[in-house]
Structure formats: structure tokens, C-alpha cells
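2 protein chains.
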Amino acid sequence: MDNIKAYIDQHKDRFINELIELLKLPSVSADSTFSKDIINTSKAVKTALEDAGCAHVEICETPGYPIVYGEKIIDKNLPTVLVYGHYDVQPVDPIELWDSPPFEPIIKKTKIHPEGAIFARGACDDKGQMYMHVKALEAMTSTGSLPCNVKFMIEGEEEVGSNSLVWFVKRNQDKLANDIILISDTGMISNTQPSITTGLRGLSYVEVEVTGPNRDLHSGLYGGAVANPINILTKMIASLHDEDNHITIPGFYDKVEDLSAEERAEMAKAPFSLEDYKKALDIDAVYGEKGYTTNERNSIRPTLDVNGIWGGYIGEGAKTVIASKAYAKISMRLVPHQDWIEITELFKTHFESIAPKGVTVKVTPHHGGQGYVTPIDNIGYKAANKAYTEIFGVEAIPQRSGGSIPIVALFEEELKSKTILMGFGLDSDAIHSPNEHFGIFNYLKGIETIPLFYKYFTEMSV
Amino acid sequence: MDNIKAYIDQHKDRFINELIELLKLPSVSADSTFSKDIINTSKAVKTALEDAGCAHVEICETPGYPIVYGEKIIDKNLPTVLVYGHYDVQPVDPIELWDSPPFEPIIKKTKIHPEGAIFARGACDDKGQMYMHVKALEAMTSTGSLPCNVKFMIEGEEEVGSNSLVWFVKRNQDKLANDIILISDTGMISNTQPSITTGLRGLSYVEVEVTGPNRDLHSGLYGGAVANPINILTKMIASLHDEDNHITIPGFYDKVEDLSAEERAEMAKAPFSLEDYKKALDIDAVYGEKGYTTNERNSIRPTLDVNGIWGGYIGEGAKTVIASKAYAKISMRLVPHQDWIEITELFKTHFESIAPKGVTVKVTPHHGGQGYVTPIDNIGYKAANKAYTEIFGVEAIPQRSGGSIPIVALFEEELKSKTILMGFGLDSDAIHSPNEHFGIFNYLKGIETIPLFYKYFTEMSV
Numbered sequence: 104m105d106n107i108k109a110y111i112d113q114h115k116d117r118f119i120n121e122l123i124e125l126l127k128l129p130s131v132s133a134d135s136t137f138s139k140d141i142i143n144t145s146k147a148v149k150t151a152l153e154d155a156g157c158a159h160v161e162i163c164e165t166p167g168y169p170i171v172y173g174e175k176i177i178d179k180n181l182p183t184v185l186v187y188g189h190y191d192v193q194p195v196d197p198i199e200l201w202d203s204p205p206f207e208p209i210i211k212k213t214k215i216h217p218e219g220a221i222f223a224r225g226a227c228d229d230k231g232q233m234y235m236h237v238k239a240l241e242a243m244t245s246t247g248s249l250p251c252n253v254k255f256m257i258e259g260e261e262e263v264g265s266n267s268l269v270w271f272v273k274r275n276q277d278k279l280a281n282d283i284i285l286i287s288d289t290g291m292i293s294n295t296q297p298s299i300t301t302g303l304r305g306l307s308y309v310e311v312e313v314t315g316p317n318r319d320l321h322s323g324l325y326g327g328a329v330a331n332p333i334n335i336l337t338k339m340i341a342s343l344h345d346e347d348n349h350i351t352i353p354g355f356y357d358k359v360e361d362l363s364a365e366e367r368a369e370m371a372k373a374p375f376s377l378e379d380y381k382k383a384l385d386i387d388a389v390y391g392e393k394g395y396t397t398n399e400r401n402s403i404r405p406t407l408d409v410n411g412i413w414g415g416y417i418g419e420g421a422k423t424v425i426a427s428k429a430y431a432k433i434s435m436r437l438v439p440h441q442d443w444i445e446i447t448e449l450f451k452t453h454f455e456s457i458a459p460k461g462v463t464v465k466v467t468p469h470h471g472g473q474g475y476v477t478p479i480d481n482i483g484y485k486a487a488n489k490a491y492t493e494i495f496g497v498e499a500i501p502q503r504s505g506g507s508i509p510i511v512a513l514f515e516e517e518l519k520s521k522t523i524l525m526g527f528g529l530d531s532d533a534i535h536s537p538n539e540h541f542g543i544f545n546y547l548k549g550i551e552t553i554p555l556f557y558k559y560f561t562e563m564s565v
Numbered sequence: 104m105d106n107i108k109a110y111i112d113q114h115k116d117r118f119i120n121e122l123i124e125l126l127k128l129p130s131v132s133a134d135s136t137f138s139k140d141i142i143n144t145s146k147a148v149k150t151a152l153e154d155a156g157c158a159h160v161e162i163c164e165t166p167g168y169p170i171v172y173g174e175k176i177i178d179k180n181l182p183t184v185l186v187y188g189h190y191d192v193q194p195v196d197p198i199e200l201w202d203s204p205p206f207e208p209i210i211k212k213t214k215i216h217p218e219g220a221i222f223a224r225g226a227c228d229d230k231g232q233m234y235m236h237v238k239a240l241e242a243m244t245s246t247g248s249l250p251c252n253v254k255f256m257i258e259g260e261e262e263v264g265s266n267s268l269v270w271f272v273k274r275n276q277d278k279l280a281n282d283i284i285l286i287s288d289t290g291m292i293s294n295t296q297p298s299i300t301t302g303l304r305g306l307s308y309v310e311v312e313v314t315g316p317n318r319d320l321h322s323g324l325y326g327g328a329v330a331n332p333i334n335i336l337t338k339m340i341a342s343l344h345d346e347d348n349h350i351t352i353p354g355f356y357d358k359v360e361d362l363s364a365e366e367r368a369e370m371a372k373a374p375f376s377l378e379d380y381k382k383a384l385d386i387d388a389v390y391g392e393k394g395y396t397t398n399e400r401n402s403i404r405p406t407l408d409v410n411g412i413w414g415g416y417i418g419e420g421a422k423t424v425i426a427s428k429a430y431a432k433i434s435m436r437l438v439p440h441q442d443w444i445e446i447t448e449l450f451k452t453h454f455e456s457i458a459p460k461g462v463t464v465k466v467t468p469h470h471g472g473q474g475y476v477t478p479i480d481n482i483g484y485k486a487a488n489k490a491y492t493e494i495f496g497v498e499a500i501p502q503r504s505g506g507s508i509p510i511v512a513l514f515e516e517e518l519k520s521k522t523i524l525m526g527f528g529l530d531s532d533a534i535h536s537p538n539e540h541f542g543i544f545n546y547l548k549g550i551e552t553i554p555l556f557y558k559y560f561t562e563m564s565v
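The listed protein sequences correspond, in order, to chains W and V. The numbering of the first sequence is this note's numbering, which starts it at 104 and goes up by one. The numbering of the second sequence is this note's numbering, which starts it at 104 and goes up by one.
If you are wondering where the hints come from, they were derived from the structure by calculation, not from laboratory data. From the three backbone atoms N, C-alpha and C, an ideal C-beta is built for every residue, glycine too. One thing to keep in mind: the hints can contain errors.
Stated by the list, open to error - Here are the simulated EDC-like cross-link-like pairs (lysine to aspartate or glutamate), alpha carbons at most 20 angstroms apart as the crow flies:
id, chain 1, residue 1, chain 2, residue 2
1, W, K460, V, E312
2, W, K465, V, E419
3, V, K460, W, D357
4, W, K460, V, D385
5, V, K465, W, D347
6, V, K127, V, E174
7, W, K358, W, E218
8, W, K465, V, D385
9, V, K465, W, D387
10, W, K139, V, E419
11, W, K460, V, D105
12, W, K460, V, E455
13, V, K460, W, D345
14, W, K460, V, E346
15, W, K115, W, E218
16, V, K451, V, E366
17, W, K460, V, D387
18, V, K465, W, E419
19, V, K460, W, E392
20, V, K139, W, E392
21, V, K460, W, E378
22, V, K460, W, E218
23, W, K465, V, D105
24, W, K460, V, D202
25, V, K460, W, E445
26, V, K519, V, D530
27, V, K460, W, D379
28, W, K460, V, D379
29, V, K460, W, E346
30, V, K393, V, D357
31, V, K214, V, D385
To be verified - Simulated restraints, written as ranges between beta carbons of each label pair:
id, chain 1, residue 1, chain 2, residue 2, range
32, V, H114, W, E455, 56 to 62 angstroms
33, V, N120, W, T467, 31 to 37 angstroms
34, V, V497, W, P353, 54 to 60 angstroms
35, W, Q296, V, I198, 51 to 57 angstroms
Claimed, not checked - Partial selection, computed: residues in chain W whose CB lies under 8 angstroms from chain V:
id, residue
36, D134
37, P316
38, N317
39, D319
40, A330
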């Protein structure tokens with residue numbers, strides 16, 4: 104593969120500049136203000152796939168934002184890799200905490216990224232990681248070393264629940280037929296210790312609304328005499344955890360599998376420093392479910408977090424008002440076997456049942472997805488591990504992630520194939536946060552590792 | 104006083120139009136965006152006082168927004184009435200719930216106001232009620248019937264805590280010397296049943312900030328493993344009331360006087376329909392401290408209400424984020440003998456003490472004020488009651504209000520005089536809410552009643 108490495112070295116500046124151009128497009132799927140930018144981004148991805156050597160590329164219309172599909176079939180007897188990624192990005196709030204504008208990418212050196220990192224919304228999640236696959240394809244086709252067939256499916260609604268992708272996958276099983284699905288939308292432990300994500304949590308995301316009086320009231324004239332929707336909402340949310348931080352929704356844990364002592368001991372071997380973890384977040388203590396370690400809490404245990412809350416007067420100064428309504432966005436991370444639709448229903452039933460008289464409560468499900476586990480004896484896992492080992496000099500560690508890529512469970516159901524999560528991001532890349540970035544080192548190493556995966560996967564398949 | 108009534112009849116259209124012009128000025132003191140408008144409003148008030156017959160009017164600079172002072176001294180041996188009011192108004196949020204723009208006043212007929220009401224921010228609180236006094240002065244001076252001396256002190260920071268007024272009053276005791284203070288910034292029971300507010304609650308208004316991790320985090324990767332500041336904030340706020348809705352802050356009730364059974368029985372005689380109350384607010388039940396009626400809960404009992412809460416992602420759609428910070432604005436209404444500075448300190452100490460490890464908490468006091476009670480054997484009260492009785496045909500009912508006018512307790516301390524709260528607004532006027540309005544009937548009846556107060560107060564004083 105020396106010719107691929109040489110090709111990457113020769114073209115790396117252009118690879119970086121192309122990604123920077125893509126990052127300038129504000130493809131925020133959660134906010135309809137940006138719908139035109141999202142369409143433009145899908146067109147840019149189409150062009151990029153064509154330029155990289157895809158023989159056929161099309162923009163597939165859906166009920167929502169389009170999916171960019173591309174393929175290069177070299178021999179029907181060879182295995183087919185389906186690459187999935189997304190071209191939409193998270194919202195940028197709180198915008199005031201960004202050190203540079205989120206859609207004006209700049210390269211800065213950091214302690215963790217001495218070779219520089221690209222700072223922009225989507226730099227890591229997922230434009231940067233998705234674009235590694237586009238450039239890896241270019242490197243393979245340009246050097247005549249593509250060893251198998253490849254298909255691309257790049258969507259624009261990952262950050263808002265992938266509804267249109269579900270619609271698309273269910274209607275295109277033949278088109279999407281593959282032997283392995285490859286996704287880079289996760290992270291690795293560090294730049295010297297690669298890891299492969301073997302488990303993902305499921306997700307149920309809901310919005311709740313508590314309504315008290317039919318209009319905002321003067322808190323002096325009505326304070327203490329009517330149910331204040333904000334106070335009630337805080338009481339209701341607070342009651343969703345008990346004193347040990349177990350979730351109190353009846354039936355919530357029914358399908359949660361307890362890991363064996365051996366499995367937990369195996370997990371505990373992953374390198375982890377609680378002191379470094381606390382220091383990096385600037386907290387004096389971690390916090391979570393009693394009886395579990397930090398790494399267990401954010402991977403093998405389900406959670407319930409408020410992602411946003413608002414109500415009443417939130418401007419400058421003071422206003423003595425009792426709001427008519429209060430709202431919260433709440434998400435639950437789920438573990439394998441917990442069904443997100445069932446959990447959403449349990450939440451809704453419970454949350455409505457704990458509303459006191461004097462208020463009404465509305466629960467609106469936003470989106471969700473199932474959890475997923477990849478077996479490490481799968482040849483996809485083995486090929487990925489071999490590729491990482493060759494590039495990084497050490498074997499990859501299998502890791503259960505706390506995050507969710509709801510579509511992975513659907514792929515297995517609809518396309519009958521396994522997914523390999525080859526992530527090159529780092530925890531410190533601040534995805535979903537201000538100052539998101541992606542290391543130049545990670546970007547280029549990703550482009551270098553991916554062709555090796557194709558090579559070993561093809562060798563192990565035939 | 105027939106000539107005064109005739110004068111009002113003759114000029115009422117102009118009186119309404121002048122108020123409408125004043126209401127067009129967006130004097131929102133809580134938002135510094137409007138600072139220029141506030142200054143313009145103070146100038147408009149100065150001109151209005153001059154036009155109404157004040158011999159001397161000045162705009163008094165303060166550390167904050169100016170105070171408009173005016174006076175007409177006709178005889179040093181006659182009593183002096185000091186009129187207090189405010190020209191600033193509440194913020195307009197939520198703006199989307201207004202049926203017409205808050206600073207484009209319009210007159211509309213309503214069920215309660217068949218003669219029409221002026222809809223605008225500040226229509227009742229307090230521009231409309233303050234302007235009644237300006238027009239009452241005009242009516243008295245124009246008809247040669249001003250029976251005593253009068254001073255006006257109109258401030259621009261009432262809705263944000265009157266800090267500059269405190270500064271001003273402490274430095275101008277001689278200038279402000281008076282025999283009675285007259286304020287119209289409260290309400291009456293109905294247009295056929297006048298009432299005089301004899302008690303006001305005190306206030307402590309604070310803002311709290313809970314900080315967890317030093318940046319927003321991905322809820323998948325960190326969810327369940329670190330303290331989520333929003334979840335923690337809801338837990339902390341929820342714990343401020345027990346199951347009977349008593350406030351749990353240690354020492355909070357120490358100075359609260361329990362009313363005797365007789366006093367409570369007397370209070371219970373005020374006309375009140377719980378069914379109408381619930382219907383007006385569209386709620387299926389009232390809610391509050393166990394052991395007290397609705398009217399007691401919002402007048403003789405202290406309260407704690409969240410006036411605003413915010414944190415995390417509150418835009419359209421979903422964002423799977425754990426916020427770094429969560430905030431709330433919290434106010435406590437206090438009853439006589441509770442000292443607001445002491446209560447603020449108790450809150451701060453308690454709130455900080457209940458913060459779990461993993462977060463830090465900051466409590467910032469906004470403003471506050473003491474409660475107040477006017478004795479009904481005071482000649483000011485008697486003069487007001489006689490004036491109301493003559494205009495409305497029935498005696499006024501003394502009432503304890505749940506609201507706060509923090510400055511009233513200060514007036515007594517610094518100026519050694521009692522305050523009479525002659526309110527002409529109605530509960531349904533939606534002050535502090537969208538679609539605030541003030542009845543034309545109430546405005547004109549106020550202008551008619553005020554000169555009678557001057558007359559009877561002067562007669563009773565000499």
C-alpha cells in the first residue's frame with residue numbers, strides 16, 4: 104500500500120482545503136432556516152464522490168432532506184463495502200462560546216493536536232470523518248488499488264433522528280446490498296491508542312410541556328395560590344431519579360441486562376484516569392448511578408438527561424411573573440434490549456401520571472433508535488483491527504460507547520449486515536459543543552487506515 | 104366639586120389621547136436596549152407635570168434612570184400630598200402572545216370594560232394610573248380647586264427594584280417632606296366594589312446559576328456519568344418546597360406572624376368565588392400551601408416562585424447535549440416582619456448548602472423590599488374611603504395584597520409618613536402579562552376620585 108501512502112502525502116494539502124470548503128456550508132438540520140444550505144451541501148457531497156471516482160452518483164429525494172448515494176462496482180463476485188455518513192451538523196448554540204465563527208473553519212494547534220486541528224461545526228461530526236472515506240476512495244481509485252466494490256450513502260438528518268434514511272433504507276434493500284457497513288462517526292481512545300466501538304446506546308428523545316394558568320401572571324398577585332408550571336416541572340423532573348440516581352419510571356429497567364462480573368472486569372481494563380477525567384471537565388466529583396463506575400455509567404447503563412429547559416422570563420434583569428408554560432427536552436440513552444418505542448411510551452405514561460392537579464402536561468416524542476452490539480469475532484472487526492494495528496503500531500481496543508447511532512440497528516434489521524464503527528475522533532474534539540474540531544493527524548491517519556480495511560476485509564472474505 | 108367633574112367631562116378625550124401618546128414610549132427598565140426611550144419618557148412626564156400646573160418641575164439625575172420631581176406649594180400651613188408613581192414598564196415577553204403591538208396602544212371593548220380599555224404595556228402599571236394624578240392636578244388647578252400642596256415623584260426603575268429611588272429619597276428628606284403619600288399602583292375588587300390596599304408583601308429576587316462541566320458535552324458520551332446542571336437545578340428547586348408546599352429554607356418562617364382566627368374570618372368575608380377564579384385562569388385546581396385558603400396564600404403567606412428558568416438547547420428540534428450551566432430567576436414574596444435582606448441571606452446559604460458535589464452554585468441577589476401595612480384608622484385611609492364612597496356609591500373594602508411595592512416601607516422609614524394605596528386597576532387588566540390594558544372607566548373615575556381625596560384629607564388634617 105506504499106503507493107496509497109505516497110498519494111496521500113502528495114495531496115494532503117488539497118484534502119485539507121477541500122474539507123475546509125465543505126465545512127463552510129452551515130448544514131444545521133435541526134433548524135429549518137438552513138434548509139437551502141443543507142441542499143447545497145448534498146450537492147457538494149455528490150460532486151466530491153464523482154471526483155473521487157464513483158462511477159454512479161445520485162441525489163435521492165426523500166420526504167425530508169436528500170440522501171447522496173454513490174457506487175463503484177468493479178466485480179460482482181468481490182465483496183461490497185457500504186459506507187454510511189452524514190453531511191448535516193449540530194446547531195451551534197451557545198454561539199457566544201465559540202472562539203471563532205463555527206462556519207469559518209480555521210486551523211489551530213492545540214496540546215492534543217500539535218500538528219493542528221480544523222475548528223468548525225461538523226469538523227469531526229461528521230463531515231470530517233465522512234470525508235476521510237471520500238478521500239480514501241480517491242486514493243484507491245487513483246492508484247488502481249480499490250480491492251472490492253464500494254457504495255456510499257450519506258444522509259442529511261442524522262442529527263435530528265434519520266427519519267428519511269429509515270424511509271430510504273426500507274425501500275432500497277437491493278440497491279444497498281452489501282457485505283459490511285463501514286461508519287466513521289465515533290471516536291478512539293487517543294492518537295496512540297486506537298479503539299473500535301463495539302456497542303452503541305439506543306435513544307429516546309422527548310419534549311415535555313407543562314401548562315398552568317392560561318396566561319402569564321403577576322407573581323405578587325398570584326404567587327403561592329396557583330400551580331407555577333416551572334416549579335411543577337422541576338418537581339416532576341427531579342422525581343425521575345431516586346436518591347441513588349436510579350431512574351424511577353416503572354418498567355424502565357425491565358429489559359436491561361446486567362453484565363457479568365467477568366465482563367465488567369474486562370471493561371475495567373481500558374485505560375482510564377478518573378483524576379484526568381475530572382480535571383478535563385473541571386469538576387470536583389463525578390455523579391451518577393450508585394453501584395457503577397464512570398465508564399459503566401456512560402456505556403452499559405441507561406440514562407435520563409435534560410438537554411434543555413426553559414420557561415418564564417429569561418432576559419436581562421428581573422420580571423416578577425408566573426409563566427403560563429414551562430418546557431424541557433429530555434433524552435434517555437438506552438442499552439441493548441431496551442426498545443426505544445416502548446421506553447418512550449413508558450416515559451409518557453409515567454410523566455403524565457405524576458402531573459399534579461392544577462397543570463396539564465403534554466409529552467411529544469421527538470425521535471429515537473435502538474442500541475447495538477458488534478461481535479468482535481466478525482471478520483469486519485478483525486479487518487478493522489488489522490488496519491489500525493498496521494497504521495498505529497498497537498492493536499485497537501474494543502469499546503462500548505455511550506452515544507447512539509440509531510440507524511445501525513436498523514441496518515442490521517433491513518440490510519442483514521453488520522456495521523464496523525471505525526472512529527478517528529477524540530473525546531476532546533468537542534462534538535456537539537462550541538469549538539468543535541478535528542485533528543489534521545486524525546484526518547490523514549483515517550484516510551490512510553481505511554484502504555487497509557478494504558484490503559484486509561476483501562482478503563478475509565474470499 | 105361639580106366644576107371638576109364638568110372639567111373632566113369636557114376634556115376626557117384629550118386625557119385619553121395624551122395617555123396613549125405616553126404609552127407609545129417603550130420605557131422597559133429591565134432591558135438596557137431601551138435606555139434612550141426611558142430618558143425620553145422622563146422628559147414627557149416633566150412636560151406633562153408642567154402643563155398640569157406644577158410650578159416647579161425638574162428631572163433629577165440619579166446613579167440610574169432619572170426621577171421626575173414636581174411641586175405646587177400654595178400655602179406652607181396647608182397639608183402636603185406626595186404623589187409617587189413610575190414611568191418605567193415591564194418587559195413585553197412573550198411578545199407573540201400580544202394581540203396588538205405592546206407599544207401601539209389601541210382601544211378595544213371587553214366584557215369587563217364595555218366602555219373600552221386601552222391595550223398597551225404600562226396602560227395600567229403604572230403609566231395609566233400615574234397619569235390619572237397628573238390629570239387630576241390639571242383639573243384642580245384649572246378650576247381653582249386645589250385645596251393643599253402637592254409634590255410629585257415619578258421614577259423609572261420600579262420594575263427593576265427602585266435602587267435609584269432609594270438613593271434619591273435618602274438624600275432629599277426635606278424636599279420630599281409631606282403629610283401623606285398617595286400611590287395608584289394597585290387594584291380594586293371590581294368597577295362596582297372599590298377597595299383600598301392596606302398591606303403589601305415584601306420581595307426578595309435572586310438569580311441562581313449551577314455549573315457542572317466546563318463546557319457543553321455530548322449527552323451520549325457523558326450522559327449518566329457527570330452531574331447534569333439542569334437535572335441538578337430541578338432537584339435543588341424542587342427541594343425548596345415540602346409535600347405540603349411549605350418552604351424548606353431553614354428559618355424562613357421564623358418571623359412570619361400567624362393571623363388570629365378572627366382576622367382570618369374577617370378576610371374571608373371579601374367577595375371571592377373559587378370557581379370563577381379557576382375558570383378565569385382555565386385551571387382545574389388551585390395549588391398552594393396546605394392549611395390556607397387561596398386569598399390567604401396570595402396575601403398573608405410568604406411564597407417562593409421560579410420566575411424564569413433556562414439551560415441547554417432550547418431551539419427548534421433536538422440537540423443531545425449536557426449543558427455546562429443552568430439558570431433560574433427565583434422570587435420570594437414576604438410578609439410583614441420578614442426582612443428581605445435576611446431572607447435573601449437565608450436563601451443563599453441554604454441553596455449553596457444543598458448543591459451536590461460535581462457542580463458549583465452561584466446565587467446573585469437582584470433586588471428586594473420590605474412588606475408594609477397601613478392602619479385603617481389613619482386619616483389618609485379615611486379620606487380615601489370617603490372619596491371612593493362618594494364616586495362609587497359604596498364603601499371601599501380594605502385588602503391585603505400579594506404584590507410588593509418595596510419603596511412603601513422605605514417611605515415610612517425615611518419620610519416618616521404613611522402611604523395610601525388608591526388603586527383603580529382590576530385583576531383582569533393583565534399587568535406584567537401580554538395584552539395589558541386599563542379601562543377607560545377606571546382611568547376617568549380615578550381622575551374624578553383623586554381630587555376628592557385631596558379635599559377630604561385637607562379637611563380632616565386641619
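Hint check results:
Note on W/K460 and V/E312: the hinted pairing is violated, with a Cα-Cα distance of about 29 angstroms set against a maximum of 20 angstroms. Restraint check: the Cα-Cα separation between W/K465 and V/E419 comes to about 17 angstroms, which is no more than 20 angstroms; the hinted pair holds. The straight-line distance between the Cα atoms of V/K460 and W/D357 is roughly 30 angstroms, outside the 20 angstroms bound, and the hint therefore fails. Using a Cα cut-off of 20 angstroms, the hinted pair W/K460 and V/D385 holds, with the two alpha carbons roughly 12 angstroms apart.
Among the hinted pairs, V/K465 with W/D347 is inconsistent with the structure: their alpha-carbon atoms are about 25 angstroms apart, more than 20 angstroms. A hinted pair counts as satisfied when its Cα atoms are at most 20 angstroms apart, and V/K127 with V/E174 does not qualify at roughly 26 angstroms. Proposed proximity of W/K358 and W/E218 is contradicted: the alpha carbons are some 46 angstroms apart, above 20 angstroms. The suggested pairing of W/K465 with V/D385 holds, with an alpha-carbon distance near 16 angstroms, which does not exceed 20 angstroms.
Our distance criterion of 20 angstroms between C-alpha atoms is met by V/K465 and W/D387, whose separation comes to about 16 angstroms. Straight-line distance between C-alpha atoms of W/K139 and V/E419 comes to about 17 angstroms, which keeps the hinted pair within the 20 angstroms bound. Distance check on the hinted pair: W/K460 and V/D105 sit about 53 angstroms apart at the alpha-carbon level, beyond 20 angstroms; violated. Simply put, W/K460 and V/E455 have alpha-carbon atoms about 31 angstroms apart, too far for the 20 angstroms limit, and the pair is violated.
Our distance criterion of 20 angstroms between C-alpha atoms is met by V/K460 and W/D345, whose separation comes to about 16 angstroms. Between W/K460 and V/E346 the alpha-carbon distance is near 14 angstroms, which keeps this suggested pair within the 20 angstroms criterion. Distance hint between W/K115 and W/E218 is fulfilled; the C-alpha atoms sit about 13 angstroms from each other, no more than 20 angstroms. Proposed proximity of V/K451 and V/E366 is contradicted: the alpha carbons are some 33 angstroms apart, above 20 angstroms.
Between W/K460 and V/D387 the alpha-carbon distance is near 7 angstroms, which keeps this suggested pair within the 20 angstroms criterion. Distance hint between V/K465 and W/E419 is fulfilled; the C-alpha atoms sit about 17 angstroms from each other, no more than 20 angstroms. Under the criterion of a C-alpha separation no larger than 20 angstroms, the hint pairing V/K460 with W/E392 is consistent with the structure, at around 14 angstroms. For a cut-off of 20 angstroms, the pair hint linking V/K139 to W/E392 is broken: about 53 angstroms separates their Cα positions.
For the suggested pair V/K460 and W/E378, the alpha carbons sit about 15 angstroms apart, so the restraint of at most 20 angstroms is met. Only pairs whose Cα atoms come within 20 angstroms are accepted, and V/K460 paired with W/E218 is rejected, the gap being roughly 37 angstroms. Pair hint W/K465 plus V/D105 does not hold up; C-alpha atoms about 58 angstroms apart against a cutoff of 20 angstroms. Restraint check for W/K460 and V/D202: the C-alpha separation of about 29 angstroms exceeds 20 angstroms, so the hint is violated.
The straight-line distance between the Cα atoms of V/K460 and W/E445 is roughly 33 angstroms, outside the 20 angstroms bound, and the hint therefore fails. A hinted pair counts as satisfied when its Cα atoms are at most 20 angstroms apart, and V/K519 with V/D530 does not qualify at roughly 30 angstroms. Taken as a hint, the V/K460 and W/D379 pair is honoured in the structure, with Cα atoms around 17 angstroms apart against an allowance of 20 angstroms. Distance check on the hinted pair: W/K460 and V/D379 sit about 17 angstroms apart at the alpha-carbon level, within 20 angstroms; holds.
Distance hint between V/K460 and W/E346 is fulfilled; the C-alpha atoms sit about 14 angstroms from each other, no more than 20 angstroms. With a C-alpha separation of about 18 angstroms, the suggested pairing of V/K393 with V/D357 holds against the 20 angstroms cut-off. Restraint check: the Cα-Cα separation between V/K214 and V/D385 comes to about 17 angstroms, which is no more than 20 angstroms; the hinted pair holds. Separated by about 57 angstroms at the C-beta atoms, V/H114 and W/E455 satisfy the suggested range of 56 to 62 angstroms.
Taking the beta carbon of each, V/N120 and W/T467 are about 47 angstroms apart, not inside 31 to 37 angstroms as hinted. Checked against the given bound of 54 to 60 angstroms, the beta carbons of V/V497 and W/P353, roughly 57 angstroms apart, stay inside it. At about 53 angstroms, the CB distance of W/Q296 to V/I198 agrees with the hint of 51 to 57 angstroms. Nearest Cβ of chain V to the Cβ of W/D134: about 6 angstroms, under the 8 angstroms cut. The hint holds.
Taken as an interface hint, W/P316 checks out: its beta carbon lies about 4 angstroms from the nearest beta carbon of chain V, inside 8 angstroms. Satisfaction of the interface hint for W/N317 is found here, the shortest Cβ-Cβ separation to chain V being roughly 4 angstroms, below the 8 angstroms cut-off. Annotation: W/D319 was flagged as interfacial toward chain V, and the flag holds, the nearest CB pair being 4 angstroms apart, inside 8 angstroms. Nearest Cβ of chain V to the Cβ of W/A330: about 4 angstroms, under the 8 angstroms cut. The hint holds.
The structure does not agree with the numbered hints 1, 3, 5, 6, 7, 11, 12, 16, 20, 22, 23, 24, 25, 26 and 33 stated previously, though it agrees with the rest.
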